[in-house]
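> Chains A and B supply the protein sequences, listed in that same order. Heads up: take any position in the first sequence, counting from 1, add 32, and you land on this note's numbering. Heads up: take any position in the second sequence, counting from 1, add 104, and you land on this note's numbering.
Hints in this document: simulated from the structure, not taken from any laboratory. A quick note: this is a predicted structure, and the numbers were derived from the prediction, not measured. Warning: the hint list may mix true and false statements.
Stated by the list, open to error - Within a straight-line C-alpha distance of at most 20 Å, the following computed SDA-like cross-link-like pairs (lysine to any residue) qualify:
1) A/K133 with B/E148
2) A/K133 with B/A158
3) A/K145 with A/F78
4) A/K133 with B/Q184
5) A/K101 with B/R215
6) A/K133 with B/F170
7) A/K133 with B/S142
8) A/K54 with B/T134
9) A/K109 with B/H133
10) A/K133 with B/S203
11) A/K90 with B/E207
12) B/K182 with B/F205
13) A/K133 with B/K115
14) B/K115 with A/N73
15) A/K54 with B/Q145
16) A/K109 with A/T140
17) A/K133 with B/S162
18) A/K90 with A/K145
19) A/K133 with B/K119
20) A/K90 with B/E187
21) A/K90 with B/Y209
22) A/K133 with B/F169
23) A/K145 with A/P111
24) A/K133 with B/R185
25) A/K133 with B/D160
26) A/K101 with B/N166
27) A/K133 with B/E118
28) A/K90 with B/Y206
29) B/K119 with B/Q184
30) A/K90 with B/G155
31) A/K145 with A/V43
32) B/K115 with B/D190
Chain residues, written in single-letter form:
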Amino acid sequence: AQSVAQPEDQVNVAEGNPLTVKCTYSVSGNPYLFWYVQYPNRGLQFLLKYITGDNLVKGSYGFEAEFNKSQTSFHLKKPSALVSDSALYFCAVRDSGGGFKTIFGAGTRLFVKA
Amino acid sequence: GAGVSQTPSNKVTEKGKYVELRCDPISGHTALYWYRQSLGQGPEFLIYFQGTGAADDSGLPNDRFFAVRPEGSVSTLKIQRTERGDSAVYLCASSPEASGFYEQYFGPGTRLTVT
């Protein structure tokens with residue numbers, strides 16, 4: 033069965049510092065991995081995805097994520113955090129071997145302090 | 105262009121009543137998904153449509169929940185005999201097609217409160 037774990041409910045960073053939001057997954061086949069962000073009173077927005085190829089993927093707003101197959105991880109990173117990055121972040125996985133379900137993690141709330 | 109829209113944005117109903125939640129996907133998107141999001145949780149998959157047919161309804165919690173997409177565009181999620189535990193935000197998403205490498209475009213959600 034597919035599953036996603038986001039081990040941190042909340043991450044606090046100071047503006048200008050690097051940030052990491054952690055995600056690990058479990059699928060039976062090869063994973064399609066996604067990060068979405070949810071701002072207050074707004075819908076979920078796509079940030080980036082890993083499908084195949086280069087393990088480091090770059091997405092919107094300066095975010096990037098690294099796929100690590102041996103550690104079954106897909107951590108979200110940004111070199112320099114902004115206060116406006118404060119939001120709720122969701123990692124999601126889909127099994128490339130078939131099926132239509134996308135499984136979401138419980139989310140990690142990011143607070144960036146000025 | 106227009107994104108995914110959902111109506112109503114809020115719905116308050118009494119326990120035991122019937123409700124319908126509507127989703128208008130992005131024009132041309134053939135894949136449509138319904139999710140339920142409870143407070144403090146990520147979206148929980150309910151059902152997936154490819155065109156007019158429900159290709160995967162394994163996430164529907166019980167037979168009180170039903171969804172249709174008769175013309176392959178607008179979809180309606182129907183909940184019969186609502187229970188307080190059905191209270192949640194119901195999210196709709198669409199994508200250009202079913203292949204898993206497409207990201208999903210989410211609507212703002214319908215907040216359902218069952219009193």
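> Provide an ascending list of the numbers of those earlier hints which the structure does not satisfy.
Of the numbered hints given earlier, those the structure breaks are 3, 4, 5, 8, 9, 12, 13, 18, 19, 20, 24, 26, 27, 30, listed in rising order.
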